[in-house]
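The hints should help you fit chain B onto chain A, whose structure is shown.
Line by line, the protein sequences are chains A and B. With numbering that gives the first Met the number 0 applied, the first sequence covers 0 to 89. With numbering that gives the first Met the number 0 applied, the second sequence covers 0 to 369.
Cut-off 20 Å, straight-line C-alpha distance, at most; resulting in silico cross-link-like pairs (SDA-like, lysine to any residue):
(1) B:96 - B:108
(2) B:312 - A:41
(3) B:312 - A:68
(4) B:206 - A:61
(5) B:206 - A:68
(6) B:97 - B:68
(7) B:96 - B:358
(8) B:312 - A:39
(9) B:206 - B:239
(10) B:206 - A:64
(11) A:38 - A:55
(12) A:58 - B:46
(13) B:308 - B:321
(14) A:25 - B:308
(15) A:58 - B:207
(16) B:308 - A:69
(17) A:58 - B:214
(18) B:313 - A:26
(19) B:240 - A:60
(20) B:206 - A:60
(21) B:313 - A:69
(22) B:97 - B:63
(23) A:38 - B:313
(24) B:119 - B:89
(25) B:206 - A:35
(26) A:25 - B:322
(27) B:206 - A:65
(28) B:312 - A:44
(29) A:25 - B:323
(30) B:304 - A:70
(31) B:20 - B:30
(32) B:313 - A:62
(33) B:313 - A:68
If you want the footprint, here are the derived chain B segments under chain A, 3+ residues with CB under 8 Å:
(34) 206–212
(35) 313–327
(36) 330–339
I should point out that these hints are in silico values taken from the structure, not numbers from a laboratory. It should be emphasised that the depicted structure is a prediction, and the values quoted were computed from it without experimental measurement. Ideal Cβ placement from N, Cα and C applies to all residues, glycine included.
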Amino acid sequence: MALVRSLLGAKKILSRSTAAVSAAPKGFLAVYVGESQKKRYLVPLSYLNQPSFQALLSKSEDEFGFDHPMGGLTIPCHEDTFINVTSRLQ
Amino acid sequence: MVKPCWRIGAGMERSKINPTKVDGLTWYKDLGLHTFGEFSMAMIQANSVMEDQCQIESGPLTFNNPTVQGTFVGVYDGHGGPEASRFIADNIFPKLKKFASEGREISEQVISKAFAETDKDFLKTVTKQWPTNPQMASVGSCCLAGVICNGLVYIANTGDSRAVLGRSERGGVRAVQLSVEHNANLESARQELWSLHPNDPTILVMKHRLWRVKGVIQVTRSIGDAYLKRAEFNREPLLPKFRLPEHFTKPILSADPSVTITRLSPQDEFIILASDGLWEHLSNQEAVDIVHNSPRQGIARRLLKAALKEAAKKREMRYSDLTEIHPGVRRHFHDDITVIVVYLNPHPVKTNSWASPLSIRGGYPMHSTS
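The following block holds chain A by itself, in its conformation from the complex:
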């Protein structure tokens, strides 16, 4: 967790947890990231408008269609790729 935060330099990704799932706080949504094991992140809604984040979602569309298997948006990429992309977003 600390590592993730320091990589991002900000708390854009507020939390990740494989424990109990609850609705995200206002302005955020859950995203499940990983190739085999999925980790849950909370990301700001504004990411949905970013082309680089939309590219990750296209990957998901290729893999799952629009039926995200975790319930929340599921992105089947390596966690590092996800962190790399999202750390560049404002």
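Just chain B now, kept in the frame of chain A:
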């Protein structure tokens, strides 16, 4: 976050007596009057171009027999683009009237012929446009049509939209599904395809945890989808993802509707007709309970909201946040949704309604992202 740029075109509002409204990505008509009672309509867009279309027509159902009066309701859930669903909305009702005029009545055969000719004419359009617009060959649509006439309700369905009747029972209302659906994830639809194509081991392929016809499409019957009906389109310049590796001689998808006919009883309160975008979030019983327990005004929008609340819950976010998401990326959260609730009266509600036919079309054109 959302900055809509609305273009309200012809067909959105055909009659000043029956105004329809737009709010963000939602199009609606909260309450109107058809020949046999009231109705309510609502649609919401999720795709970058709205692929759902719908209509309600009430009044004479033939050109030559004024005693054949009734209500026609259509829900058209397009895929691969909006062209097929728009084509259906433009053509199927006039065709139904034409065939009904020939026999001077409504029948199962009349409705099936209207489906068949609509599909045939759409495929002609695809052929005509093939040199300049080959992707039309991969555009298709589900087609759900309901006709209420003479104390009967005919439900004709090609694809996976659904019509559900709310029948009052002591202490509540029971959901009775009137439509037969054609989706590869239903056992009955898979059996049908396997029996029609016994020598094709790849007629159904499991992909992304879902059954798909030839690994590409979930619906097993549709209007359009020329590339799965005629081998002449299974070649360049159709996009590779739509091209099948092997030649076929027999159409893979059919446009034949499954038709059910139900005699209405005084216990039959209403029918909900909706695209699968609604039914993936609400069960038949949940939907009829909402309609039974709520005021009629705005009931279609209430069902939409109930579905969107479920969609938000599944995506672990707040409903208020979901409503802010732009079309296009929004498809990851829910599909385009169309819902029409038709309340039933055993007799025409007012004699002069015969004199003022009603025609409302929804979904064309909606918001378009640039």
